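Let chain E serve as the given structure and place chain P on it in line with the hints.
There are 2 protein chains.
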Amino acid sequence: MGPRSPLEFKMPNLSNRAVAMPSSPIRKLVEYAVAAESRGIQIHYLNIGQPDIHSPEAFWEAVNQSGIKTLEYSHSAGISPLRSAVALDYGEKDIPVQPSDVIVTNGGSEATLFAFLTLFDPGDEVVVVEPFYANYAGFAASAGIRLIPLTSRIEDDFTLPKTNDFAAVLTPRTRGILLCNPSNPTGTVYSADQLREIARLAKDRDLFLIVDEVYRDFYYGTEQLLSVLQIEGMEQNAVMIDSASKKFSVCGARVGFLVSKNPEIIEGALKFGQARLSAPTLDQMGVAACLMNTPESYFEAVREEYIGRRNLLVSLLSEIPGVVCPRIDGAFYAMVRLPVRDTDEFAKWLLTDFNDQGETVLLAPASGFYVTPGLGKDEVRIAYVLSQDKLRAAMRCLKRALEVYPGRLQPTAGATAL
Amino acid sequence: MGPRSPLEFKMPNLSNRAVAMPSSPIRKLVEYAVAAESRGIQIHYLNIGQPDIHSPEAFWEAVNQSGIKTLEYSHSAGISPLRSAVALDYGEKDIPVQPSDVIVTNGGSEATLFAFLTLFDPGDEVVVVEPFYANYAGFAASAGIRLIPLTSRIEDDFTLPKTNDFAAVLTPRTRGILLCNPSNPTGTVYSADQLREIARLAKDRDLFLIVDEVYRDFYYGTEQLLSVLQIEGMEQNAVMIDSASKKFSVCGARVGFLVSKNPEIIEGALKFGQARLSAPTLDQMGVAACLMNTPESYFEAVREEYIGRRNLLVSLLSEIPGVVCPRIDGAFYAMVRLPVRDTDEFAKWLLTDFNDQGETVLLAPASGFYVTPGLGKDEVRIAYVLSQDKLRAAMRCLKRALEVYPGRLQPTAGATAL
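Note that the protein sequences, when read in sequence, are chains E and P.
Counting from 14, one number per residue, gives the positions in the first sequence under the numbering used here.
Counting from 14, one number per residue, gives the positions in the second sequence under the numbering used here.
Chain E extracted, bound-state conformation:
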């Protein structure tokens, strides 16, 4: 190939938003992982919330026995049995929801995007607690809205900032508050009292309150896990994001939910839903079957499994010098401080320059979960979605890596001095 002429290179520019759009911090290391695997290295994937739990048999039965000949569009709001099953399921958890309060979306991802498009205009501000699920930034860029971060800190176990701190960042352009509870990426579960305080603030200041409750079923505490839809007086302001992905370990089904008691919100979101026609039909049938046929014992077993994994992870991390792991009450993530200066470099090094007995780990560097520049540089998100045996091997790799990593901070640097 010779040099190309200038004319060949001539092209219009991409949009500013495409240029500004963040690459996924979770997925950007994948190319290095592929290269490592091609060198025969075994990788323990701790970077993405892809559970290894089997999808329920009910899902496969519904899909395989659908009896469908022509795979048609479904209703833009979702198939009726699924909307009903969702409402029934919430009802059993004392969350009052009608089928008409539910729009079925292409995963929780699309539910979040629809909420942004329906509630906020370009330039509007939405307060969000950082570190937050990195893809919120992508949906915000798509929708042209500004995420205003309030920082939660590992020193405080990533608990919610105080209500006064929320009040302090509100401006005339603020239109909403976005929370994730239980939190991805920190595993924190917010207290019912504080959620009610935030809700009161939202109500008083005429703001929407969106709560991503995708990890509701991964809660390991004993106190009540309060849904935003259970807070009285918030019917007009509250939107709940949910998903089948984690609940039933069917991430690839792309079935999520936008739920609100405010019919105007549902009607507005449905217009965006109509434009994209529908969520996948067969997968919706599978998820409806899961909701109707999965006994509570399934969730109990899953929770027990994750509690075991969490306990193991916390215990193994505590044995690695300089590592800080906060309290984790839900989801299947830990936001962990490592004794390194830059976890982006460290995570890459793990794939390009390291292995222990032919194995290494893929971590999600935390900087992509923060918007405030400089924060999270010494943190990583660990998704403990692997079996205990694999978690043990992964932590062995991490411990060894931190012993030999050229960029490691010395213990005296104070990284452990919390």
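Hints in this document: simulated from the structure, not taken from any laboratory.
Incorrect hints may appear among the rest.
Since the list can't tell identical chains apart, any single copy or any two copies may satisfy a pair.
Said to hold, decoys possible - In silico DSS-like links for lysine-lysine, alpha-carbon gap of 25 Å or less: (1) LYS412 <-> LYS390; (2) LYS412 <-> LYS274; (3) LYS412 <-> LYS361; (4) LYS403 <-> LYS41; (5) LYS41 <-> LYS274; (6) LYS82 <-> LYS403; (7) LYS390 <-> LYS175; (8) LYS274 <-> LYS216; (9) LYS41 <-> LYS361; (10) LYS361 <-> LYS403; (11) LYS41 <-> LYS412.
As the structure is a computational prediction, the values presented were derived from the model and not from experiment.
For chain P alone, coordinates are given in the frame of chain E:
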């Protein structure tokens, strides 16, 4: 229920874009259809491009024999076998595409949205030929871009406006041209020569050229159907939208494609793809199997079926006084003029006040396919996706309805005087 207190009604306003977002013209009559069906009326659905053709056996086999235990996310750009199968399929049609030129999306819908988000910023202008696929307006509203309509006319069989007409509407804010070929909603197929002219204009003026080629396999002519990816020198500017929905009659699979030879466009679009994680995994496997295992004879049979339907439709419409049906060379739609003043009212009346032998038809009023106010008020889009027997019954209903409709125009009103 007593009157609600003012406080109960207090809520923040939805976004301006949600308010401005058009309701689907195709789906907004559905509630009247549901009511009619509950009165025992049989409805012939001519309003939506939902083919009745069976999905290929290869799809069901791939889905039922996936052997998957845990339904995981797929790669954000799509599963590798599907991207390869798509490239191979284009190759067989002399459209030069590599797997890396393809991003798998949640239907052609998401491919269109990703193209808008990747190429255009809020306020940018994109020239589009009206009448156009109504949901383009929804994606434009989501992305904040302005669609600038160039009108094609039933009197000209909805052929493309002249290249000079395109040039005349370009402004410094114009960033792209969007075409659909074969056209939904008109069934028009654009000539290769004119497409090349438009491409040259786009290239000269540094514009992106997006062509929605979702109906490529539904082409009933004998001349070459030119893909935008076959136009030399357009590698940097061209984006093709495609979908499995119509091709394999798997609308409910939600599997579409954004295709471009420009790696920057693919890289930019992939960032939006990463934010939403992936398209549905199982459905992608089904579509990959369709692409690899469907013989050309399947498409020949489908085309033959649609040619028969088109011929029947055109013939039956020609027997209804005052109805104008233009030439149709592709897709499975006809944009038809009716001897009524307002097809929105007529389409509703068909559901609320009319039946012939207990049957009626659901039509898509054409006004929603235009952005220029007042255009299309006497047109409807007919999707001929029903068997010939059902089409006969539907046209019998339409003919009878136009005889008894109180708002019908008299033949002397000139509706037929083309």
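Structure-based check of all given hints:
Taking CA atoms no more than 25 Å apart as the test, LYS412 paired with LYS390 passes inside one copy only; the shortest distance there is 19 Å, against 71 Å between copies. Neither within a single protomer nor between protomers do LYS412 and LYS274 lie at most 25 Å apart by alpha-carbon distance, with minima of 48 Å and 44 Å respectively. Taking the closest pair of Cα atoms, LYS412 and LYS361 come within 25 Å of each other only inside a single copy of the chain (16 Å); across copies the shortest separation is 69 Å, beyond that limit. In this assembly of identical chains, the alpha carbons of LYS403 and LYS41 lie at most 25 Å apart only when taken from the same copy (23 Å versus 52 Å across copies).
Taking CA atoms no more than 25 Å apart as the test, LYS41 paired with LYS274 passes between copies only; the shortest distance there is 22 Å, against 38 Å inside one copy. In this assembly of identical chains, LYS82 and LYS403 lie within 25 Å of each other by CA distance solely across copies; the values are 19 Å between and 42 Å within a copy. For the homomeric pair LYS390 and LYS175, the shortest alpha-carbon distance inside one copy (24 Å) is at most 25 Å, but the shortest distance between copies (56 Å) is not. For a Cα distance limit of 25 Å, the shortest separation of LYS274 from LYS216 inside one copy, 15 Å, qualifies, whereas the shortest one across copies, 49 Å, does not.
Only within a single protomer do LYS41 and LYS361 lie at most 25 Å apart by alpha-carbon distance; the minimum there is 10 Å, versus 51 Å between protomers. Taking CA atoms no more than 25 Å apart as the test, LYS361 paired with LYS403 passes inside one copy only; the shortest distance there is 20 Å, against 61 Å between copies. For the identical chains of this complex, LYS41 and LYS412 are intra-copy neighbours only, at 23 Å inside a copy versus 59 Å across copies, given an alpha-carbon limit of 25 Å.
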